[in-house]
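Given chain A's structure and the hints, the job is docking chain B onto it.
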Amino acid sequence: MEMTTENLANDITRIILAGKMDLAGAQKIDLKFSVASGNSKRLLVDLEQVSFLASMGIRTLVIGSKAVQSKGGKMAFLKPSADVAQVLTSAGIDSIIPIFQDLTAASEYLTS
Amino acid sequence: MADQLSVRGTLRELEQIGTWVDDFAQRWSLPASTSFAIQLCCEEVFSNIVRHGLKEIASDGTDEEGVTLFLDHGNRAVILRIDDQAEAFDPLAIDSPQQPQSVADASVGGLGIHLVRKFAQDVSYERRGQTNSLTMRFDLPDASASGSDSLAPSQYAKEPALG
Numbered sequence: 813m814e815m816t817t818e819n820l821a822n823d824i825t826r827i828i829l830a831g832k833m834d835l836a837g838a839q840k841i842d843l844k845f846s847v848a849s850g851n852s853k854r855l856l857v858d859l860e861q862v863s864f865l866a867s868m869g870i871r872t873l874v875i876g877s878k879a880v881q882s883k884g885g886k887m888a889f890l891k892p893s894a895d896v897a898q899v900l901t902s903a904g905i906d907s908i909i910p911i912f913q914d915l916t917a918a919s920e921y922l923t924s
Numbered sequence: 004m005a006d007q008l009s010v011r012g013t014l015r016e017l018e019q020i021g022t023w024v025d026d027f028a029q030r031w032s033l034p035a036s037t038s039f040a041i042q043l044c045c046e047e048v049f050s051n052i053v054r055h056g057l058k059e060i061a062s063d064g065t066d067e068e069g070v071t072l073f074l075d076h077g078n079r080a081v082i083l084r085i086d087d088q089a090e091a092f093d094p095l096a097i098d099s100p101q102q103p104q105s106v107a108d109a110s111v112g113g114l115g116i117h118l119v120r121k122f123a124q125d126v127s128y129e130r131r132g133q134t135n136s137l138t139m140r141f142d143l144p145d146a147s148a149s150g151s152d153s154l155a156p157s158q159y160a161k162e163p164a165l166g
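Chains A and B are the protein sequences, given in the same order.
So our numbering is basically just the index in the first sequence, starting at one, shifted up by 812.
So our numbering is basically just the index in the second sequence, starting at one, shifted up by 3.
Simulated from the structure, these hints should not be mistaken for lab results.
Just so you know, not all the hints are guaranteed correct.
Quick list of the computed label-pair ranges, beta carbon to beta carbon [stated by the list, open to error]:
#1 B/P144 with A/D914: 26 to 32 angstroms
#2 A/Q913 with B/T13: 37 to 43 angstroms
#3 A/N851 with B/E129: 45 to 51 angstroms
Taking lysine-lysine and the DSSO-like style, the derived pairs with C-alpha atoms no more than 27 angstroms apart in a straight line are [to be verified]:
#4 A/K840 with A/K891
#5 A/K891 with A/K844
#6 A/K832 with A/K853
#7 A/K840 with A/K853
#8 A/K832 with B/K121
#9 A/K878 with B/K121
#10 B/K121 with A/K891
#11 A/K891 with A/K878
#12 A/K878 with A/K844
Idealized CB from N, CA, C, for every residue including glycine.
Just chain B, same shape as in the assembly:
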């Protein structure tokens, strides 16, 4: 059964999200780098969701709006999924920022999802009804890329255990 956290669409929730990830990482004794990567992806994806105009609706776990995060520990990977009820938006459709050639032309536009692509071993987006769903896989250090029990995020996203 996956860990699940439902939060309001406000940046103030980042602290609670961080604590939730920390608790999960400690419970599963995740390597520090894996925990770091998950924290980073949560921060970047959640911040993007909020900035793209998600309404601030209080979530008590039963509301249909807000943001819901799922973490599941498989044999070889951790899967993070973040669902929101904002208008349809595929963050993976954003171009990665150009490599800055100088300080003058450096910017952070689009950097968040670019970091997600670098720190997660796989990222996939799906629109299900009124829900944007972004799934990220973080391989554990001894995971094999071709392991038979290593699920692609798109498969895992459909698993009943993640709701």
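Just chain A, same shape as in the assembly:
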């Protein structure tokens, strides 16, 4: 599991995750993700390159979202695969952290 961060316009932080978000993957990035989400009020989590997501990965993402929201911010997911999206919807996470397939739409949500 790899994680990179980039800054987009309008103070949006884009975290790009790549690889398997299984237990090992989640443990690998847990601290980095926590730090990055703690520093952002507009967090876009790009899941396009995430090939797998399990409950421990969801835990990392949810904890990050709590940090963002505690500052009055927003978080969104971008372009998860169909299988990864199914994990998010099965867990009910999409109802509290929206999923977008389009960067423009995600950016509009985060800045609204």
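Relative to the frame of chain A, chain B by itself:
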């Protein structure tokens, strides 16, 4: 004959389990979504078994403790069975987590088995002697739900081929 893998009750074994499932999926040319579902269920069930206090006993295939996984490819479905020697525990007795209404009340407690229920077409638990046995069925894309050769997990679990 089912594929069988015996592992120790430690989370470090998740990598080997993942490779084993990958090999099976490639050998049978399983659809990516089916392989994904099996991987997910293996991870969630095995993690739960380890966290519920299974002793770390090295398994050489003959020990009675540890965790044993079975994968079998039928005509219309793949059957995954996971056996462990921990104290009696039925993961299906755990309530599914409530749908979170906000980020603040989101939690992952109980989420693992909830995902198993969503990604496997059928899940059943059985206690046989000192063994917890969880069987999951993954229908293949062109499987019919009422197909006569589609076994319910509870029937399949008793088949000699799975040991």
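Contradicted hints - numbers only: none
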